[in-house]
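Protein sequences appear in the order of chains F and A. FYI, this note's numbering numbers position 33 of the first sequence as 33, with every residue one higher than the one before it. FYI, this note's numbering numbers position 97 of the second sequence as 97, with every residue one higher than the one before it.
Below, a list of computed lysine to any residue pairs in the SDA-like style, where the Cα atoms sit at most 20 Å apart:
#1 A:9 to F:37
#2 F:76 to F:61
#3 A:57 to F:29
#4 A:57 to F:93
#5 A:9 to A:77
#6 A:57 to F:94
Just so you know, the hints here were simulated from the structure itself, not pulled from any lab data.
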Amino acid sequence: GQNIDQPTEMTATEGAIVQINCTYQTSGFNGLFWYQQHAGEAPTFLSYNVLDGLEEKGRFSSFLSRSKGYSYLLLKELQMKDSASYLCAVRVEGGKLIFGQGTELSVKP
Amino acid sequence: DSGVTQTPKHLITATGQRVTLRCSPRSGDLSVYWYQQSLDQGLQFLIQYYNGEERAKGNILERFSAQQFPDLHSELNLSSLELGDSALYFCASSVELGAASGYTFGSGTRLTVV
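Please put together the full structure from these sequences, using the hints given.
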């Protein structure tokens, strides 16, 4: 079976740092993705990890540990526009992405 | 504009009816994926096509079917609609099966069954 877990909701303050965790148990692994989704809109690609370690892209970083089935997305210098749902997804055999339920992040002033 | 085009954007229909959702992938992308997102639910994988052939199926209901045409556009057909089918339906495309950029999503079709 495929199981991807992430917290349902998180709240953080503008200017702060927040870490969104994701654990997964999947049949096959060919990369882990993070997407951002604003309500009613399409998910947009944030990051991709296929090897262990940290990938940094501006204010966003993503970490992967394949042996632990664990990833996190780190958002720095939070802005109000970062309020959105953050989706963790694992690419399994055949190329399809299996998504977690998403973490709803609220950024407060 | 992501380059993935979905039509229509909104659809309201009655229970028992049949609808067709259309998706044109980004230019050059061979793979098309369909996802369903219900209220407070994550993205549920429905079906995947690659260069005209079905590659993988998720928990797609028997009332649902899809196909990818020679020009690579895809259609998702939903029949005998029920209230519970109300959801956002997303199409996504990728250039190949193992692309590091993942998928590019269209803006979705919001289906409301009344």
